[in-house]
Amino acid sequence: MACTHDHSCEDHDCSSNWSLYKHIDLSKVTALNEANPGSVKSVFKAWEERLNSSGEHLESNEGDPELLVYIPFTSDVKIKSISVVGGADGTSPSKLRVFINRDGIDFSDAQSMQPVQEWDLVENLQGVLEYQTRYSKFQSVANITLHFPESFGGDTTQIHYIGFKGEATQLKRDVATIVYEITPNPSDHKTRAETGGGLSHVE
Amino acid sequence: MVLEATMICIDNSEWMRNGDYAPSRFQAQADAVNLICGAKTQSNPENTVGVLTMAGKGVRVLVTPTSDLGKILACMHGLEIGGEMNLAAGIQVAQLALKHRQNKKQQQRIIVFAGSPVMHDKKALEMIGKKLKKNSVALDIVNFGEDDGGKTEKLEALLAAVNNNDTSHIVHVPAGPNALSDVLISTPIFTGDGEGGSGFAASAAAAAAGGVSGFEFGVDPNLDPELALALRVSMEEERARQEAAAKQAAEEASKEEKGGEEQDATMTERASEGASEADNKKIEIADDDDTSLQQALAMSMDEPTSSQDLQDTEMSDAAAEDPELALALQLSVQDSTKDSSSQADVSKLLADQSFVSSILASLPGVDPNDPSVKEVLASMQNQSEPQQKQDEDKAPKKEEEK
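If you read the sequences in order, they're chains Y and U.
The opening position of the first sequence corresponds to residue 1 in this note's numbering, with each subsequent residue numbered one higher.
The opening position of the second sequence corresponds to residue 1 in this note's numbering, with each subsequent residue numbered one higher.
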């Protein structure tokens with residue numbers, strides 16, 4: 001299910017909608033079957049730069065258009081829709097299958113597992129297409145894995161931009177680090193009541 | 001310090017019986033595996049290593065990736081050699097084992113020891129290589145052992161298919177005096193992609209070098225200088241002794257049959273073994289051994305003149321503290337040599353009353369003060385009859401007195 005922008009973007013700031021890239025933990029983003037290790041990080045950028053292909057882009061290995069991208073977020077997010085800008089000459093991906101909150105997926109897992117949702121993509125060189133998700137399934141996403149099994153006939157698959165629209169919650173799925181104090185010392189925890197008013201808030 | 005899960009594929013096929021890598025190909029391989037496991041677990045405590053065998057009845061995983069070095073070393077025991085190596089299946093099973101590693105954050109690596117000929121064709125190996133690269137598994141190949149025409153080419157093709165940014169390596173180890181492990185220590189397989197070598201690798205290299213800068217005899221001179229000195233001195237002593245023995249053997253060989261030489265060799269060995277114990281005692285023992293060696297040789301050549309000296313020397317050596325024991329030994333030795341000389345000694349001994357009485361005292365149930373005993377002694381002393389009769393008398397008398 002794709003929808004296009006039927007208005008010009010000067011009226012409002014579309015890019016604020018696509019700001020989930022700020023919540024991506026870029027250091028932990030990995031991709032399988034990428035030709036240049038680490039090039040996957042270049043596809044996560046601001047909405048305005050989605051067509052800016054002067055920098056690096058993600059490309060799969062020669063002769064094998066399959067790609068697997070693992071994206072962890074810094075906090076749980078709700079994803080409303082996904083946008084993918086591919087390459088020209090048939091190097092755009094034709095299908096997308098996503099998996100939620102599973103790490104360590106490799107190609108054999110991706111091919112055999114049932115995805116949370118999958119889409120047939122079209123060539124989206126201008127970056128105006130977005131693919132809506134079944135929102136109820138994408139409510140608390142800590143990490144997402146995108147599997148692009150094929151391209152439009154090209155030898156490789158190129159991806160220039162991946163964008164997520166949605167909102168970020170402040171929740172995290174990580175292990176919580178809690179410090180227990182055996183003998184708490186109130187002077188270590190200055191409350192606002194003492195310093196000047198307001199609700200007391202112990203950190 | 002890369003966090004890595006490694007699977008080591010061991011070749012335990014029939015080709016590993018060959019001895020062109022000391023002591024045997026299989027043993028050299030096992031040593032290398034032990035070294036690699038140690039290096040990996042030391043470079044990062046969270047690293048895991050697993051082992052599987054490729055030949056035998058089939059590919060068999062001995063231990064799944066674990067950071068417990070003892071488990072890995074234990075599973076290397078009792079491995080049997082046989083069958084043919086199945087490289088493709090081995091690598092695929094290794095990949096599967098890595099896929100199910102517990103810590104998904106670890107990088108995946110496979111180390112293959114390819115000692116026997118490779119039966120698969122290049123295409124198949126390249127497919128496997130591509131699959132490994134796609135799943136970002138690194139591959140290290142140790143090419144040793146058999147070297148038929150196509151093997152090197154096939155392995156190079158496999159490496160080219162797998163290699164992603166120089167994370168995979170291949171090492172060719174030809175047969176020679178250097179141990180497999182020593183050659184591997186300096187390769188990127190050990191040093192881990194140009195990190196500069198971990199401390200383990202560096203110290204292992206130093207131990208393996210065995211030269212002036214390294215640790216001789218596996219003992220660190222800084223830790224235990226006395227032991228290191230003792231070992232060095234004993235080495236030199238043994239060398240000197242062996243040279244002397246060799247010279248003697250060369251001389252005697254011209255006159256003596258092989259039997260003497262063998263005896264000489266065994267005595268040399270025994271002498272050297274006995275001598276490698278302590279500092280000062282060594283030197284004394286060495287001297288004694290030299291003389292006893294000469295006397296042993298002389299004895300074997302049936303020279304009666306030197307035999308007595310030999311016996312005396314032996315006596316002084318072995319029974320310095322116990323004169324009775326010494327004399328008894330002398331007696332027993334002399335029984336086996338020529339009659340004339342020995343008998344003379346026996347009679348001399350018997351004539352020595354104090355000696356005889358002390359011997360009799362040590363016999364159970366004999367009282368030297370017994371008049372009958374004294375009678376016998378007196379009669380023995382006075383007699384200068386043929387020694388055989390004396391012996392006969394002595395023997396039955398001893399029996400009587402018991």
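These are calculated hints, taken from the structure and not from any lab test.
Any given hint could turn out to be false.
Cross-link-like lysine-lysine pairs, in silico, DSSO-like; alpha carbons within 30 Å at most [to be verified]: (1) Y:45 with U:105; (2) Y:78 with U:104; (3) U:247 with Y:41; (4) Y:172 with U:105; (5) Y:45 with U:104; (6) U:131 with Y:41; (7) Y:41 with Y:28; (8) Y:95 with U:247; (9) Y:95 with U:57; (10) Y:28 with U:122.
*Which hint numbers does the structure go against, in order from smallest to largest?*
Per hint list: 3, 8, 9 and 10 violated.
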